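Respectively, the protein sequence lines represent chains A and B. The opening residue of the first sequence carries number 1 in this note's numbering; numbering runs sequentially from there. The opening residue of the second sequence carries number 1001 in this note's numbering; numbering runs sequentially from there.
Quick caveat, the hints were computed from the structure, so don't treat them as lab data. Do not take every clue at face value.
[To be verified] Where chain A lies over chain B, by a calculated footprint (3+ residues, C-beta under 8 Å):
(1) 1021-1028
(2) 1092-1098
[Said to hold, decoys possible] Restraint-style ranges between C-beta atoms, simulated for each label pair:
(3) 1059(B) / 112(A): 17 to 27 Å
(4) 1023(B) / 117(A): 49 to 59 Å
(5) 250(A) / 1077(B): 35 to 45 Å
(6) 256(A) / 1013(B): 16 to 26 Å
(7) 1026(B) / 117(A): 55 to 65 Å
(8) 1059(B) / 243(A): 18 to 28 Å
From a predicted model like this one, the values you see are computed outputs, not experimental measurements. Just so you know, even glycine gets a beta-carbon here, dropped at the ideal spot from N, CA and C.
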Amino acid sequence: MRFLSDDAVAHLRVITEQPDLSGTRYDLVRELGRGGMGIVYEVRDRELERNVAMKVVEQEWGAEARIIAALEHPGIVPIHDAGILPDGRLYYTMKLVRGMRLDDWARQGHSRTERLRLFTRICEPAAFAHANGVVHRDLKPENVMVGEFGAVLVMDWGVAGVGTPGYMAPEQTRRENPDARSDVFALGALLAFLLRDDSIPRPLAAIIARAMSTEPAMRYANADALADDVLRHLDQEPVSAYHETLLERAGRFLTRHRALVTLIAAYIVMRVIVFFWMRL
Amino acid sequence: MNKILVGVIVGAVLGLIDGATAWFTPEVRSQMLGIIIGSTMKGVIAGIAAGWYARRVQSVPKGIAFGFIVGLVLAFAVAAMPNPDGTHYWWQIMVPGSILGGVIGWATQRYGRPASARAAN
Chain A
1 MRFLSDDAVA HLRVITEQPD LSGTRYDLVR ELGRGGMGIV YEVRDRELER NVAMKVVEQE
61 WGAEARIIAA LEHPGIVPIH DAGILPDGRL YYTMKLVRGM RLDDWARQGH SRTERLRLFT
121 RICEPAAFAH ANGVVHRDLK PENVMVGEFG AVLVMDWGVA GVGTPGYMAP EQTRRENPDA
181 RSDVFALGAL LAFLLRDDSI PRPLAAIIAR AMSTEPAMRY ANADALADDV LRHLDQEPVS
241 AYHETLLERA GRFLTRHRAL VTLIAAYIVM RVIVFFWMRL
Chain B
1001 MNKILVGVIV GAVLGLIDGA TAWFTPEVRS QMLGIIIGST MKGVIAGIAA GWYARRVQSV
1061 PKGIAFGFIV GLVLAFAVAA MPNPDGTHYW WQIMVPGSIL GGVIGWATQR YGRPASARAA
1121 N
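Bound-form chain B, shown alone (with noise of 0.2 Å):
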């Protein structure tokens, strides 16, 4: 399984977990099916590029705060969007979300087929 599938994977499945916290929250339970999938869909992306950079990148450091940096993008992306009172949740979002970016980008260096495995098949 090389980096970038392990990154889909775990992001896929943290992203699943941290859209579901969102059950927590009355205010949002409304929409919990939209904030599980496109919560997915940010750690699907996060996993992607995570998984990219570590097959070019080998630094479990350096990993975990790219991760954290391209979840807290993500997260911005999605903070960014007002809730239907016109508030918005910025740090409710962006820091769980950018400490996942973190976890995914630890998980993408420590695990999987890196690039030059695949060369030297």
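Chain A extracted, bound-state conformation (with noise of 0.2 Å):
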């Protein structure tokens, strides 16, 4: 008896589950990964000559790219196309992203300035979607994509029932209907994984703290309200999660308005070298 080698499995598991992309006008190059809810591919599409991401999907998880095909915004990959497999499974090809996942993108070591102003470009397509009704559930490092010129990607809207640990509000893990605030709960803690590295300043972590807290009615409502609050801090302004004391807030005075203290500060200098002086 002749038995077939490992890799001869693998192979043919592969070629099996590649999609017959008979009937449509794409050729598959390679496959691009895999998830819970369907397996990307790059393929070309032949009528316009250039290389996009098909996404294969079973029928009932196809809500994803009706969702995402009504939100349009820069920061959400845009669908160009969709049709049914002959072996029925849904396809729906969009944008093929060049960059990297966020987590990739994280291990870069940038500073903190960087990785806070890419957290809140996170934060737009996701208010935007709050907007529009549309709640993402499953934002984590790994559905961001940082593209060649520091643009964000989300991916993977929309998609009933998932949720990944350490990413998912409590209200999910009890199976309740999530809203905008869970995803605040997933961008807080995308926020910590930014910052994990890091010693977080107090308002910092007062911002996270919120995001992330258990009681949904305790975080920020929206993305929008999240990302304001971290502008906040990068403009070295008073944020609405932390209640500074006045030390903090004088240093926080002196740090924002350094050359305008130098200046008084200066003057007053001379002043007094001048009152002495005069009396010598």
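Since each chain sits alone in its own frame, please combine them into the complex, following the hints.
Structure representation (structure tokens):
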């Protein structure tokens, strides 16, 4: 009796899983990745002569395509086309994102300011979706792509019944209906992930704590409010999540208005020198 | 409030304060009123110049430098006027004057409606 090698079995498995693209205008290039809801391939669009990403899912997960197609935002991957394969599976094609996943980007040693600015860009498509009544439900570093010029794209929208430990809000684990505040919880966890190698300043720690409150009512109402607080921190302004002491407020003022404080101090010193000089 | 107006107000206030510090120099107390008026006018002129500059150049360091130079020039004009005994208070007037010019330059850069906002409206 002859047996197939492990490599042969693995190859057969890949072949049988490959989508049958006959009848479509696409040619398979390679598999890009796979998640719980489907497999993503790079395919060649013969008509437009460009490579795009194709996601192949079971038909019951087709809601994602309709959700994304209804959301037009620079941070949400645009849907080009959708259809049904001969094997009954649903496919939809979208822009092929050239970049890296957020978890890979975070390993590159970017400054805290860069990471915070990127985080606010992640909040933008989430805020847009919230304003249009859409909840992502599975925000995590693996679902965020950072493009070549720092552009951010959030993937895998609106798929019910999923979530990732550490990023899933408590109400999601209880199978309650998630809303925008569930995404805020995930964004808070994402922010903590981006800052995990840092000593986190108190205002930022307070922002994270508020975003990840176990009670939805205690969190930011939506991604916009969360991003606003992070931007205020970046601009050295007080954040809503943190009550500063008088000393901290003075320190922030001194930091923010360093030039003015230096000039006034120089003027006072000069006046004192003049005062004593005139008495020599 | 546009940047020139910010410059006028900040310049007037700082000029007034700077002029009032002459009280700590007994030799010139008799000239206090003239000193305060002159210092206030100097501040207003510096504020107008710094505000005008801030409407064209958006840069805090450049604004501070411009205000510093304007303050220095105006303070020089004042310091060049001899005291009754023929002496000049050069650095005593020019150094604080130029520093306050820098403060006026900072204020006009940070506050006030820029020229582009008016054009957009």
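Results for each hint:
1. 1021-1028: Holds, because 4 residues of the region 1021-1028 of chain B bring their Cβ atoms closer than 8 Å to Cβ atoms of chain A.
2. 1092-1098: holds (count 3)
3. 1059(B) / 112(A): 17 to 27 Å: Holds, at about 25 Å.
4. 1023(B) / 117(A): 49 to 59 Å: holds, 50 Å
5. 250(A) / 1077(B): 35 to 45 Å: holds, 38 Å
6. 256(A) / 1013(B): 16 to 26 Å: holds, 21 Å
7. 1026(B) / 117(A): 55 to 65 Å: holds, 56 Å
8. 1059(B) / 243(A): 18 to 28 Å: violated, 35 Å
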